[in-house]
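Novice: One letter stands for each residue in the lines below.
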Amino acid sequence: MKRLALLLLLTAAPVFASTIAITGGRVATGTDTPPTDATILIRDGRIVAVGAVAVPAGATVIDATGKWVTPGIVAAMSRVGLSEVDEGTPSNDAAARRSPFSAGLDVVPALNAAASPIAVTRQSGVTRAAVAPEATRTIFGGRGALITLANGPDLLTRAHAFQVVELGEQGARIAGGSRPAAYAAFEEGLAEARDLAANRARYRSFEPREAQLTRLDAEALVPVVEGREPLVVHVERASDILSVLRLRQHYPALKLILIGADEGWLVAREIAAAHVPVIALSLEDRPEEFESLAATKSNIGRMVAAGVTVAIGSYGDGTGNQTRNLPQFAGNTVAQGRLPGGVGLSWTQALASITSVPAKIWGMTDTGTLSIGKRADVVVWDGDPLELASAPVAVLIDGVVQPLATRQTELRDRYVRLQHDTLPLQYPK
Amino acid sequence: MRKLVLGLALLAAACAKTPPPKAASATPPRPAEVVSIPRDPFPSTYHAYPGVTTVIRGATVYDGEGHKFIGGAVRLENGKVAEVGQTVAIPAGATVIDAAGKWLTPGIIDIHSHLGVYPSPAVEANSDGNEATGPNRSEVWAEHSIWPQDPGFTRAIAGGVTTLHILPGSANLFGGRGVTLKNVLGRTAQDMKFPGALPSLKMACGENPKRVYGSKNQMPATRMGNIAVDRQAWSDAVNYKRKWDDYTQRAKDGKAKPTDAPRRELANDTLMGVLNGEILVQNHCYRADEMANVIAMSHEFGYKVSTFHHAVESYKIADLLAKEGICSAMWADWWGFKMESYDGIRENIPLVHNAGACAIVHSDDPDGIQRLNQEAAKALAAGRRVGIVIAPEVAWQWLSLNPAKGLHIDDRTGSLKAGKMGDVVLWNGDPFSVYARAEKVWIDGAVMYDAADPARRATTDFELGQPGRGDVK
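Respectively, the protein sequence lines represent chains A and B. Note that this note's numbering numbers the first sequence so that position 296 is 296, with each residue one more than the last. Start counting at 1 in the second sequence, then tack on 1000, and there's your number in this note's numbering.
With the rest of the complex left out, here is chain A (with noise of 0.2 Å):
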């Protein structure tokens, strides 16, 4: 058992042996500073130096001139690690339909470091994710986790990161019908996590009865109702989004996240006077369902406009909503605000809101910009890191230079030419 910590830890820790210097690229830190040229010195995996600084003798040198810099991206949501293969294969671990379990279904041992997604995510310079599994028998889905997706055997840096709430279309749905039903279950669940706070020696056993939580839920929920874990709820609609904000009146230690927010834009003022962070799509502009009748690309740009903190991001899936494409979403909002009467983003708020501000909505001061002290997540892009044809040439995670190979990039190079010569393209070349 001390054995296996220990080489856990052995593999898990960053490689401090030398200083990195990356050096000659157009730094963006993930602050509002416009970018600029500068060295940037990582020392123990952490950012030492940033700016016009010389080089130590003996550092490993990163050349990046002609390139842009960048902190890692931040997923401020997603699935990355829980499934290979989404639909129809065992190795999808988000949703649990058959459970009697909701609220304390934990994410972390469903994580895989090994599934292809994270390798794939990582190659397009995402560092550092939220994961959350999905709600399905109960409005409740259960305890997220923060990740890295540095190469190496476990990807979990924290767990119980926060619960997982569905308070809009789909709560009313799994509830039963209605939006009530959702309210009602939700108190339901937060007072039984009362009770069990209160007099843990007398709480009933288990118990399993149709719509009601388990112990183990009633469990997971105390750290929710005492506000020491974020809740994440997900609502489109303005008026649900109000009902949420108003939750805070009978539990007022709530540590409230929304996720969705299609029509945030309508309520932003409300919103950004309760501090309550929101992750959002920046492409949502169809009334996809009726709660998001007034679903608009400028919906994150009134609401920072407005003074709320949005990060960009969705729980994510391996087709329009992809992790990976996290850059392409923010280059969209500048677009957005070059519309006429469109509402975007600056260029520098882009990238914060897809590094910076996840970061700090999650409470993870020690990453997201190029800052000294930071660990040292940093990535190298060919080109802008925004724009649709650039890519990384480098990532660090914790200071070391990641793998950017993937499943993908082997099945690229064993089709790139489609020679048939003395065997099977299966076999190595």
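These are calculated hints, taken from the structure and not from any lab test. As the structure is a computational prediction, the values presented were derived from the model and not from experiment. Don't be surprised by glycine CBs; every beta carbon is placed ideally from N, CA and C. You can trust all of the hints, since none of them are fake.
Now the in silico label distances, taken between C-beta atoms and shown as ranges: (1) A:195 / B:1464: 46 to 54 Å; (2) A:58 / B:1389: 33 to 41 Å; (3) B:1464 / A:366: 46 to 54 Å; (4) B:1045 / A:403: 57 to 65 Å.
Some but not every residue of chain B turned toward chain A, in silico, with C-beta under 8 Å: (5) 1315; (6) 1374; (7) 1472.
Given the coordinates of chain A, assemble chain B onto it according to the supplied hints.
Specialist: Okay, now just chain B, sitting in the frame of chain A:
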């Protein structure tokens, strides 16, 4: 006013065709009545909206056929592209748009959309894309499910989409007929139909049909079941065609009466249309090995696949697809959402292009359709990183001319060529940049979208009175 005059003209034409009263003498023998299957019982009622002669000059022009004019110009006249080049003639009275720093391209054509049949909002009541009641539903037509008030059409035009092909879903092996639309709103689906475009037959390989029917303990439950059901259907269609061909010949020879005509089978009408080359096969198929099976099957029964859709593994058989002259309609980077998409790679589109095969960027998605240019840009860059350098003006073919070929409308639209439809997009920047958006969109020479002019941004009936009405989307 204009419509009224046109109506009167039609009436006059109709009067002129009325045959004169028969003379009593010299009645020629009437040709035998030949029963036939109407080719176009739901004809297009689309009409182009009025435009003005317009010259857009000073833009970077991609003509959609692989050429580029820096500081080039296009003239639209009478609804058509009249001239394209470094400079064009400017007739007196023409509207002139100075477009320095902007890009001008042919309108984007999405060969795979479910707008109207799976509209927004996604409610069960309007979910009309899959007639999943039997694996062969060749008799259904997507156009009969289209809700012309789908707000998705207005989002698509803001993304520069001027023509789109609406397909039934992929639950069935034979999903039914697809229809090509001009992206101009109408009161009916017929108002939107691209005049004269051939219908398609949507077919599907792989996981969806076998899952949908296998779960009902019904054939097909496997991929071999898929092909078997397909082949029986094609065999029956060949038989149906023989009966009709034989009857038609005999009727023409005066040897068959109308009552001898075969009973119409609507599903077989569609399959026979394919065998007769009047209906194009659009085949949902992810895996390379399955595409090869379909190609062999098409040879067995004498039809041609126009385009494989999704075609996530086309890069594995790009040489075969080039040889067969079959297009691939692809996403830039979707993968891993189901087993048959597991081997998706970002270089799929450039690898297919590089093999000399026809590459198309498609959406299959009401959001993706709004930025097909961005998807093409990602694919272009992925190709460049492995040494496949394709000029952007060449890559634009993935977005307009190649889908036009896949729909057999490339003689009318898909590129900026004199005489083709005036389907044009003016972009406020390089359309392969994430920062660019469509600024103006012309369809048949009329401005149907203008980002700067609320009067040229449509609101569907559904959105009237809703909180999002008329907003910049």
